[in-house]
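Protein sequence lines, in the order shown, are assigned to chains E, B and H. Its first residue numbered 1, the first sequence is counted upward by one per residue in this note's numbering. Its first residue numbered 1001, the second sequence is counted upward by one per residue in this note's numbering. Its first residue numbered 2001, the third sequence is counted upward by one per residue in this note's numbering.
Among the hints, erroneous ones may be present.
In silico DSSO-like pairs for lysine-lysine, Cα to Cα no more than 27 Å straight-line [to be verified]:
hint, chain 1, residue 1, chain 2, residue 2
1, E, K446, E, K537
2, B, K1174, B, K1652
3, B, K1652, E, K537
4, E, K536, B, K1724
5, B, K1724, E, K541
6, B, K1652, B, K1175
7, E, K446, B, K1406
8, B, K1652, B, K1724
9, B, K1406, B, K1497
10, B, K1487, B, K1406
11, E, K446, B, K1652
12, E, K537, B, K1487
13, E, K536, B, K1175
14, B, K1652, B, K1038
15, E, K115, E, K22
16, B, K1175, E, K541
17, B, K1724, E, K446
18, E, K22, E, K189
19, B, K1406, E, K536
20, B, K1174, E, K537
21, E, K115, E, K189
22, H, K2104, B, K1724
23, B, K1487, B, K1175
24, B, K1038, B, K1175
Coverage of chain B stretches by chain H, computed from C-beta distances (three or more under 8 Å per stretch; other residues unrestricted) [as the list claims (entries may be wrong)]:
hint, stretch
25, 1293-1299
26, 1723-1732
No lab work stands behind these hints, which were simulated from the structure alone. Quick caveat, the model's predicted, so the values are computed rather than measured. Ideal placement from N, C-alpha and C gives every residue a C-beta, glycine not left out.
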Amino acid sequence: MLLTLSIFIPMLGMVVVLLLPKDNHNLIRWTSVGIAVATFIPIVVLTMGYTDPDGESAADTLLAERERVIAEAPEAARAAILALTAEGVAEANDPGTMSDLAADDERAAHWSLVKGDREAEAAYHEAWELAIAAQAAISQNLKYVEYGNWIPTFNINYILGVDGLSLPLIFLSGLLFILCFVYSFNITKGVKAYYALFLLLETGLIGVFAALDFFLFYVFWEIVLLPMYFLIGYWGGPNRIYAAIKFFIYTLVGSVVMLVAMLALYWQGGYDTFNLLTLIGMSGNFDATFQMWIFMALFLGFAIKVPVFPFHTWLPDAHVQAPTAVSVILAGVLLKMGGYGFFRFSYTLAPEAGTSEFMVMFIGLLGLINIVYGALCAMAQTDFKSLVAYSSVSHMGFVLLGLAAFTPEGIMGSVFQMFSHGVSSAMMFLLVGVLYDRAHHRDLNKFGGIGLQMPYYTGFAIIGFFTSLGLPGLAGFIGEMSVFMGSLNAEGFDWSGTSLYAPLPRWVVYAALPGVVLTAGYILWAVQRVYMGEAKKEEYKTYSDLSGREVFSLVPLAAMCIVLGVWPRVLIDFMNPTLDVLREFITTAGIGG
Amino acid sequence: MPNLVMLALLVVVLPLAAWTYGFLYAFFNRRLPSYQDKLATAAISGSLVIALYMFFTEVLFVGSGITNPESWSFTWIQIGVTGHHPFILNLDLAVDNITVIMFVVVTIVATCVHWYSQSYMEDEDRYSRFFFYLGLFTFSMLACVATTNLLMLFIFWELVGVCSYFLIGFFFLKKSAGDASKKAFVVNRIGDGCFMAGICLIYSVLSRYWPDEGVLSFARIWESIALLGAADGPWVGNESLLTAVGLLVFMGCVSKSAQFPLHIWLPDAMEGPTPVSALIHAATMVVAGVYMIVRMFPLMAGEGYLSGNYFDSPVLFIIACFGAITAIFAGTIALAQSDLKKGLAYSTCSQLGYMVLAVGVGSIGAAMFHLFTHAFFKACLFLGSGSVIHAVHSQEMSDMGGLKDKMPHTRWTFLISCLAIAGTPLFSGFMSKEAILGQAAAYGLQVGAFWAWFPFVLGGITAFLTAFYMFRLYWLTFHGEPGDQQKFDHAHESPSKMIVPLWALAALAIVSAGIAMPFGAGHTGGHWFQDRVNDQVIVKDYLAVNASTAESRSVFGDQQQVHLVHHHDAAAIASPVVEEFHHNFHSVHYPLLGGSIVAVIFGIAGSFFFFVRNRNKDFLADIPPAVEYRRVLQNLYYVDWFACERVVPTTKDVADAAGRFDNRVVDGIVNGTARFFGRDLGWAVGRIDNIVVDGAVNGAGWLMMAGGSLFRGMVNGRIQDYVKFTAVCMGVLLLWVLAAG
Amino acid sequence: MPDIGLNAYMLVAAAIFSAGLGVVVARRNAIAVLCGLELILNGASLNFVALNRYTGPVARIDGQMFAVFIIILAAAEAAIALAILLNLYQMTNTVQIDEADSLKN
């Protein structure tokens, strides 16, 4: 229930906001903040309750659902369905096999009781789905699973659930939205539409991370696109239409390819299911070529979001043209959708393809290019926001590098980097926004001496930018360090018993090391140009330091940067079991499959 | 938690507490407390007291110092589940001799600097902020030397670097300060990147051998080297990787301790306030690199470590070369500096070269010893220079001169420190430099090859140069005629808060080497410092308590297993190599002593002649062939020029090219694709629709029309024609029937 | 009477028919066309009679009956045709048949 609440409160909130009078800006603003806080409360409850060992695990929920389905099936078929979908045998009794059973097969007896009766067949199908889902390795760490039928004809169900991978991202989304809403008090045109669209965006984002049905995931994924288009296209900078269209179409192309993959998986093997856990449970049976196609199709969809070179060029335009709060959400959460997609979908549905030699090198090289190329491009920018945008490209390269390594610290570093990047780049965009609100330009070469005039703001800027730089003691270091540890360890790791025969070679990581120096270079150069030196223009001496609203939006992020840097266990312990199981699954699923 | 570790924790945490207080206060009040200076000074003084307590009770007067360092571990991060090859990073704390010695160095110099700065910086706007940064720095530095985990050391190492960034850029209104701090950080990052890679590789190798443990602690690293003799040790089969790791880790030292070629940040770091230069860039931060390679000595010595045969280790030789080259390189540049602080900076660089050289030729004791003595006299020199600069309001020596009567305290302390650094007997620097050169000479003798003498030769020349250029600084500042009469009239001695630390440090410059010689001579009869900081003993003692298995612990506990290099320890078995080295060392000892005294005398006399008698500030300017060389020196051997005029602009050009590539090519492809699919393809399809599809439709219609007009001609209204037509058709039909039938 | 065979009769009938057809097609005068029409009809009726005599059952005289029908019908049709022609003459003042082409498209 909590998950559904946290997904749909924003949507209901949107309706409420749309009903408010459009001239009463303050009412709209505070209502929206209230709605965001109302969304955040169930999320916090979820987070605190997740580590409670007494909570109901996914397996229990799914099995309970299976019981219910069987109980609602036609009388005659119940025992047969129970037998067919029992633990241990369910995997062999998939719908594809059932429809071409030989007559002398012992299961034929059971099947004959089910076959022909549409209700019984539907019940069997659903029970089978649930049985496989309950026993999938990933389900061990899922909690708060919610299950309901949505479109039975196509076996589309309403399944939500969170684990150590998605819950931190949901938490981050919930928090960032509150901060963005507060920060957006300085929007003056179309306030109602702005907040309504933003609330819809929140629904889409939280839904993406919580959805466990592929179709539902796709729906939420697409819901995210539309508000972004309008938010960038109407409230954005001078070149906003171009940026909005580019963002929309680029992402849509990726999503369409993903749709193809989704449908291919639906029809694969006659399984006819969109239930992600079921598909993961059966992914060992997919053959290698099919897996490779699926992986590449999904890869395109997610790579555009991450963004991976060469599909990253929408990012600088979108970020620069979007208003500050939208950039914050874009960088803080949207980019993580892509990374999350890799972890949740690509590698679990096509594990053999993912751990193949080609794919490891491919992802590793793309990560390397992202890191170094992103850093070089960042150095060349003169627009502050553009620099931060390219630094996002560079940091997401670490995610890919850690992913290609498959070692425990590599995978953890990858996810930790996603989270810490969400915090640090959100903070950086807010910082740039604070400056832009005063100066109305973002040209790095025209700034100077801000530190003298706005020392409190500069303090936050130091925290934000040094997190991005990867200074130990702040959040960015942990992810970076873990990724380097993990990826250099890939060659030396004990891969016996897994399907990873060709781990990431060390030279890829050596080539990525200069990225660290380049990052320091461009960040410090930007800091020097903006905050140090004498005030380049007289007006800089008149700027007021941070207002209460701005402080409110910066403090939680700064606090998280420091806390995660000093005590990363807060997040690492949370994610450890999930990522461990995930990693084991991905690296061993190809064996014997 | 063992007692000593608790004390160490206290030493480390006191400055942190002061800093955290300032941080939280600033967060809520948007400015720092005005009493931050007093808070910071109190904290560091507290740490000093505890450190001295530890030093006197545990190290100085006791046998060989701390002989069973217990470590305390706290799991900071665990990634992965136990049993599935987790990555464990522990906060390891242990206290052994080296730790306490470093504590003493850092806290003494830091306390002096804190007191000094209360007077020196009192006119500054951002006075509290200075102490705020200093607090963070002292915490980081103390933590860096307290931890016994390599990755934790790296973390604090980087924190120290960032504090250096803030402090060098303290006067951030000046562009030069901003540039200098940026340069320092980026250059340090280069070394740090390599260091990080080395750490990751160590982890990779060791975690295979000890899964489910935190393998980056010193204990495991040292043990892994000790296991090189065993058949299944972690580095066995990985020797080339071990060499690579040694070099990568050393690169961290190269950047942090300003070795050639990554020394370029140190002279620019003089943009920071003088107390900062004294604390960070003379005594503490830059020596973190030396400290680190002292700790990682077994790793770099590699295979020869256990037998004491370091002389075959390629990594150590490379280290020695770096050190030697740095020493002479920086020493020669210092000859041509006109800025007092820059001259001292290059001198620091040169002395750091000496320390690194010492490690390279196999004696961490000599390196640590020089670190210890150097910290005091160099800090004294810097603070003294600060005093002069404060009085004269200029850093150029052309504005100074003849200050000896106006600033007696400063002059005498400066002189004492110069004597110390020059290596005058009875001053501390003499002993430490002796140790280094002795070791280098013995190394040359031991190996025998001509290239093995390289470190010693360069080191020896530098010793001569050191005396020469240091005294040049002294004569030019305090003797001769004043360079600028106005400034001279204005000058006065500094207040007592600045004088007292100067005298404290000067006293230590004399005493720090000799004081304990009769005391605490230890059971080996050797020099007290060398006793405490003997690499074999340190490692052995540590592993006796902290090795991974009980079996190993007992092995290390047994004195017999370790070969001591330098001392007459009858109970230990010395390998033939060690015996030979011992012999060599003693044979060079006395000649060296003589040689160094000669060098000092020549250095002092020579500089006196050049700079007092002839008052020739432009040294070498009047020796025509050397003018060219002088220009080279003034251009710092063009290393800086290369870095700033070639490397940085090239990087920026590459970055710009990448940006343009991204904009035009990659984005161009995207836009082009979009244009193709959106506009062009649509246009083409539209044309097809227009021409082909529509054309087909129109064509069908035309066909109909044509057919129609063909048959229309037949209907002309005349009956006879109709009949004609009917008849013809009937005939045809008839014929057809007949034919078919 | 000597037997000259069916073929002779049919040949004559064909000749008469063809002559009639030629007249219908080639003559411009409407009355001449009607004459030709008579010839066609009579040729056909001759055919009927001859075939009845030579190939029909002995006691039957269907062909001859048909010939009587044809004569009657020819007379009736000639009467009607002449009536139409008279009307046409009154309208167009000519009996040239190729002048009557108002049914042309």
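Hint check:
1. The hinted pair formed by K446/E and K537/E meets the criterion: a straight-line CA distance of about 8 Å does not exceed 27 Å.
2. Between K1174/B and K1652/B the alpha-carbon distance is near 23 Å, which keeps this suggested pair within the 27 Å criterion.
3. Taken as a hint, the K1652/B and K537/E pair is honoured in the structure, with Cα atoms around 26 Å apart against an allowance of 27 Å.
4. Note on K536/E and K1724/B: the hinted pairing is violated, with a Cα-Cα distance of about 107 Å set against a maximum of 27 Å.
5. Of the supplied pair hints, the one linking K1724/B and K541/E is violated, its CA atoms being roughly 111 Å apart against a limit of 27 Å.
6. With a C-alpha separation of about 19 Å, the suggested pairing of K1652/B with K1175/B holds against the 27 Å cut-off.
7. This hinted pair does not check out: K446/E and K1406/B have alpha carbons roughly 47 Å apart, beyond 27 Å.
8. With a C-alpha separation of about 98 Å, the suggested pairing of K1652/B with K1724/B is violated against the 27 Å cut-off.
9. Between the alpha carbons of K1406/B and K1497/B the distance comes to roughly 18 Å, so the proposed pair stays at or under 27 Å and holds.
10. Of the supplied pair hints, the one linking K1487/B and K1406/B holds, its CA atoms being roughly 12 Å apart against a limit of 27 Å.
11. A hinted pair counts as satisfied when its Cα atoms are at most 27 Å apart, and K446/E with K1652/B qualifies at roughly 18 Å.
12. Distance check on the hinted pair: K537/E and K1487/B sit about 35 Å apart at the alpha-carbon level, beyond 27 Å; violated.
13. With a C-alpha separation of about 12 Å, the suggested pairing of K536/E with K1175/B holds against the 27 Å cut-off.
14. Our distance criterion of 27 Å between C-alpha atoms is broken by K1652/B and K1038/B, whose separation comes to about 44 Å.
15. With a C-alpha separation of about 58 Å, the suggested pair K115/E and K22/E falls outside the 27 Å cut-off, and the hint is violated.
16. Taking the CA atoms of K1175/B and K541/E, the gap is about 18 Å. The hint holds against a cut of 27 Å.
17. Taken as a hint, the K1724/B and K446/E pair is broken in the structure, with Cα atoms around 101 Å apart against an allowance of 27 Å.
18. In summary, the hint linking K22/E to K189/E is supported, as the alpha carbons are separated by about 10 Å, within the 27 Å threshold.
19. Restraint check: the Cα-Cα separation between K1406/B and K536/E comes to about 42 Å, which exceeds 27 Å; the hinted pair is violated.
20. Between K1174/B and K537/E, the direct Cα distance comes to roughly 16 Å. Compliance with the 27 Å bound is thereby established for this hinted pair.
21. For the proposed pair K115/E and K189/E, the alpha carbon gap of about 61 Å is over 27 Å, so the pair is violated.
22. This hinted pair checks out: K2104/H and K1724/B have alpha carbons roughly 16 Å apart, not beyond 27 Å.
23. At roughly 26 Å between alpha-carbon atoms, K1487/B and K1175/B fall within 27 Å of each other, so this suggested pair holds.
24. Using a Cα cut-off of 27 Å, the hinted pair K1038/B and K1175/B is violated, with the two alpha carbons roughly 30 Å apart.
25. For the stretch 1293-1299 of chain B, the proposed coverage by chain H is not satisfied: 0 residues have a C-beta within less than 8 Å of a C-beta in that chain, short of the threshold of three.
26. Proximity of the stretch 1723-1732 of chain B to chain H, defined as three or more residues with a beta carbon under 8 Å from a beta carbon of that chain, is established by the 3 residues found.
Comparing the model with each numbered hint stated earlier shows that hints 4, 5, 7, 8, 12, 14, 15, 17, 19, 21, 24 and 25 do not hold.
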